[in-house]
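Protein sequences appear in the order of chains F and L. Going left to right, the first sequence walks through residues 120 to 368 as the working numbering numbers them. Going left to right, the second sequence walks through residues 28 to 505 as the working numbering numbers them.
Take these hints with a grain of salt, some might be off.
As the list claims (entries may be wrong) - Facing chain F, according to a computed beta carbon distance under 10 Å, are these residues of chain L, among others:
hint : residue
1    : 33
2    : 117
3    : 119
4    : 122
5    : 123
6    : 249
7    : 395
8    : 398
9    : 402
10   : 405
11   : 407
12   : 408
13   : 412
14   : 413
15   : 478
16   : 501
Claimed, not checked - Anything over 10 Å on all C-beta distances counts as not near chain L; from chain F, calculated:
hint : residue
17   : 186
18   : 208
19   : 264
What the hints assert, rightly or not - Here are a few chain F residues that sit away from chain L, every Cβ distance over 10 Å (derived from the structure):
hint : residue
20   : 146
21   : 191
22   : 219
23   : 233
To be clear, the hints were calculated from the coordinates, so they are not data collected in a lab. For each residue, glycine too, the CB sits at the ideal point set by N, CA and C.
Listed here are the chains, written in short residue letters.
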Amino acid sequence: MALIEIRDLTKEYRLANLVTPVLERVGFSVDEGEFLSIIGPSGSGKTTLLNLLGGLDREYTGSLKIADKEMKALSDRRISTLRNRTIGFIFQSFHLLEHLTCVENVMLPYFFAGRPTKEAQARAHELLGKVGVADKAEVRPIYISGGQKQRVAIARALIMQPKLLLCDEPTGNLDRETGAQIVDLFRELNKDLGVTVLVVTHDERLSRVAPRILRLADRRIEDTRTAAEDRVPDVSSTSSVPPAGGADA
Amino acid sequence: MTLVGLTRVVGQNIWRNSTSLSISAIGIAAGIALFGLFLALVEQVRNVVEGDIVPIDQVEVIPLSSDLQRLAGSLFGEDTFGLSDDDVRTISRIPGVVEVLPRMNYKFSGVSYGGKALVGSEIRVETIADGIPPEQVAEELINPPVPFEDRRPLQSNRRCRFDTDCPRGEYCEVRFDGPPAPELADTDPLTIRRYRACALPVPTLLSRYLLEFYNTVFAPGHGYVQLNEGLLRVAEKELQFTTRLGDSFMGPQVVRWRQRNVRMQITGVSEKSMDLGVTFPIEYVRDWNDEYAGTKGAARYSSVSVRAASKEDVSDVIRLVREKGFDIKSRIAEQVSSMVEVLGIILLIISLIVITIAGFNIMHTFLMLVLERRREIGLFRAIGATRANIRNVFLLEAAFIGLLSGVLGLLLAYSSSLVFDTMLITQVPQFPYKPATFFDFRPWIVATAIGFAVVFTVVGAFLPSLRAARLDPVRALQ
Numbered sequence: 120m121a122l123i124e125i126r127d128l129t130k131e132y133r134l135a136n137l138v139t140p141v142l143e144r145v146g147f148s149v150d151e152g153e154f155l156s157i158i159g160p161s162g163s164g165k166t167t168l169l170n171l172l173g174g175l176d177r178e179y180t181g182s183l184k185i186a187d188k189e190m191k192a193l194s195d196r197r198i199s200t201l202r203n204r205t206i207g208f209i210f211q212s213f214h215l216l217e218h219l220t221c222v223e224n225v226m227l228p229y230f231f232a233g234r235p236t237k238e239a240q241a242r243a244h245e246l247l248g249k250v251g252v253a254d255k256a257e258v259r260p261i262y263i264s265g266g267q268k269q270r271v272a273i274a275r276a277l278i279m280q281p282k283l284l285l286c287d288e289p290t291g292n293l294d295r296e297t298g299a300q301i302v303d304l305f306r307e308l309n310k311d312l313g314v315t316v317l318v319v320t321h322d323e324r325l326s327r328v329a330p331r332i333l334r335l336a337d338r339r340i341e342d343t344r345t346a347a348e349d350r351v352p353d354v355s356s357t358s359s360v361p362p363a364g365g366a367d368a
Numbered sequence: 028m029t030l031v032g033l034t035r036v037v038g039q040n041i042w043r044n045s046t047s048l049s050i051s052a053i054g055i056a057a058g059i060a061l062f063g064l065f066l067a068l069v070e071q072v073r074n075v076v077e078g079d080i081v082p083i084d085q086v087e088v089i090p091l092s093s094d095l096q097r098l099a100g101s102l103f104g105e106d107t108f109g110l111s112d113d114d115v116r117t118i119s120r121i122p123g124v125v126e127v128l129p130r131m132n133y134k135f136s137g138v139s140y141g142g143k144a145l146v147g148s149e150i151r152v153e154t155i156a157d158g159i160p161p162e163q164v165a166e167e168l169i170n171p172p173v174p175f176e177d178r179r180p181l182q183s184n185r186r187c188r189f190d191t192d193c194p195r196g197e198y199c200e201v202r203f204d205g206p207p208a209p210e211l212a213d214t215d216p217l218t219i220r221r222y223r224a225c226a227l228p229v230p231t232l233l234s235r236y237l238l239e240f241y242n243t244v245f246a247p248g249h250g251y252v253q254l255n256e257g258l259l260r261v262a263e264k265e266l267q268f269t270t271r272l273g274d275s276f277m278g279p280q281v282v283r284w285r286q287r288n289v290r291m292q293i294t295g296v297s298e299k300s301m302d303l304g305v306t307f308p309i310e311y312v313r314d315w316n317d318e319y320a321g322t323k324g325a326a327r328y329s330s331v332s333v334r335a336a337s338k339e340d341v342s343d344v345i346r347l348v349r350e351k352g353f354d355i356k357s358r359i360a361e362q363v364s365s366m367v368e369v370l371g372i373i374l375l376i377i378s379l380i381v382i383t384i385a386g387f388n389i390m391h392t393f394l395m396l397v398l399e400r401r402r403e404i405g406l407f408r409a410i411g412a413t414r415a416n417i418r419n420v421f422l423l424e425a426a427f428i429g430l431l432s433g434v435l436g437l438l439l440a441y442s443s444s445l446v447f448d449t450m451l452i453t454q455v456p457q458f459p460y461k462p463a464t465f466f467d468f469r470p471w472i473v474a475t476a477i478g479f480a481v482v483f484t485v486v487g488a489f490l491p492s493l494r495a496a497r498l499d500p501v502r503a504l505q
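Use the sequences and the hints to build the structure in full.
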């Protein structure tokens, strides 16, 4: 079943009389459980596409459906619920709140879902363990490394058990080795939890991990499926999930 | 989003922005302090003015002066001036009236003298007095030296020549048998029997107004001792004075030989007593009027003091009293009350200006906070916050700040009132109706002050909260 369904998607930015087209009549679909990457040069519209997929930007023409829901037709409340329950965001700059502890950061989506705090706490601790930073639960993000921050952000993205993970340059602020560990983590999450992972990157190594690559160029998209044997990334990776508190960055 | 979750996020936000929010809160707290202090001051002024000086819930009903029917009746020899018992009953049945107090004025002249034992010098004054039913002040007087009642049934009436011939507490009084003084013209004085008998002094009430007037105008001018209500309760013997019935400084009203002395005993201070004069049990006044002004003067009441259920009922009571054919004595209370209202409004406006300025300060702070938390707002939108959630976070934050500012402002107001009270009581000389406190923090003032603090802070934060809710999440996250 298609989780993402895009047809004739066109996006342009307007500034006074200046119209800048970014995406033009783009179309593709993504099934549940897929792992794909979107690559392309700077300014090709990767992040724009990700924002459209996440419902953060709903000014487009054409059709964009997530879980069979047309994004621009949803009310603010329903699109917020969709973002809360179905989509998990992972950003290049982590976007962790510095005044909260790691576990509180992970719990945040639960507050907006109106779920009990105790349940949120238990689940946040479980996820922090799963991503390998259980020992940082009560630490504020300023005291942990970049890799650990991204693991906390991944835990936050996963807490509502979303169907779709949208990752915007998730390794952009990490060194090579840490980046590889994060990539491995995505692969494992995709494999173990069946979550659909969509990674926007300009990192060729990261893109090669995905069995499917969407290449953005000249406002168009080129859909490439790679062979399974080509999926192993060209990085040194010894363990898919590092031990808790592993030395990142 | 649950209230618990919202409160948690708001609590964390307040904690991390405590410095900037505290600075803004100080403005609101200062405004609320002024607001509370002014309201409490005006409330106390109103209490003193409307409760003690000019009771606002009371009106004095008098006969209609231009009532032709009454005038015609009087021409035919009927006693139509004044109010009858039927009139009093009619007035008491008017909706909103909770108490009626018939009053009977002294309808002749008298000169009172005494006070040497109490104030060090003999005071002589023209007597202005009236009478009221004694049972209507019985509960008000606390430990009076003698009860305020018609004491004649209790006196011995023993024949005497001097006070010493009388039982303890009584004095030797001159009495006459024969027609009332106004009807003496054709009477041979030798046919009037004059004798002396022992009598109990007449219980007398003073008003608080008279006491203040004496203490602030009369006593300082003549170097007399000041009086207070406590002293009036303990100094029994010293509180007696003598009234010469029928005498007057303006020339005798009654032939000299028909005048006589009556001894009075001050028994307490009552708000029901006449303002500038003294009040006796009505039975005495009725009999003296009969003796010195003739039977016509003794039959009717001069006025009826009416107390309404509340000051809000007064205007309806006045209207109904007029509809029933009576008149109302001019009401200084209304004018004074209006002045207090104007004073209150001016002070209220000043404090509201301060709170409004503080509200703008809150708006500025929250606009800064929206800018500061731009990325955070973007993140919240990305992880599922609705626009309403974002707006509510800011508004609840403002409400908390408002609540804290309100409480802080009231504490500030209350502590300032204690300082002002101490200063005013110790530094400012005694003046009429000087109260023990100058501020009355009623529960409604506390509730209004906190309500205003919350409302002004929330209103101040409303625009910034809308701006936060409308932030484009894509731009906010950049």
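Structure-based check of each hint:
1. 33: This hint holds: residue 33 (chain L) lies near chain F, its Cβ roughly 7 Å from the closest one there, short of 10 Å.
2. 117: Nearest chain F Cβ about 67 Å off; hint violated.
3. 119: 63 Å, violated
4. 122: 55 Å, violated
5. 123: Where the cut-off is 10 Å and the nearest Cβ of chain F is about 53 Å from residue 123 (chain L), the hint is violated.
6. 249: 75 Å, violated
7. 395: 17 Å, violated
8. 398: Since the shortest Cβ distance to chain F is 16 Å, the answer is violated.
9. 402: Where the cut-off is 10 Å and the nearest Cβ of chain F is about 6 Å from residue 402 (chain L), the hint holds.
10. 405: Status holds, d = 8 Å.
11. 407: Residue 407 (chain L) check passes; min Cβ-Cβ to chain F is 7 Å, inside 10 Å.
12. 408: Cβ of residue 408 (chain L) sits 7 Å from chain F, so the hint holds.
13. 412: 5 Å, holds
14. 413: Holds: closest Cβ of chain F sits about 4 Å from residue 413 (chain L), inside 10 Å.
15. 478: Because about 29 Å separates residue 478 (chain L) from the closest Cβ in chain F, which is outside the 10 Å limit, the hint is violated.
16. 501: It holds, given that the least Cβ distance between residue 501 (chain L) and chain F is near 5 Å, below 10 Å.
17. 186: Residue 186 (chain F) is indeed farther than 10 Å from all Cβ atoms of chain L, at 15 Å.
18. 208: 5 Å, violated
19. 264: Check passes; 20 Å lies beyond 10 Å.
20. 146: 22 Å, holds
21. 191: Residue 191 (chain F) clear of chain L: closest Cβ-Cβ about 14 Å, beyond 10 Å.
22. 219: 6 Å, violated
23. 233: 5 Å, violated
Hints 2, 3, 4, 5, 6, 7, 8, 15, 18, 22 and 23 from the list above are not met by this structure, while the remaining hints are.
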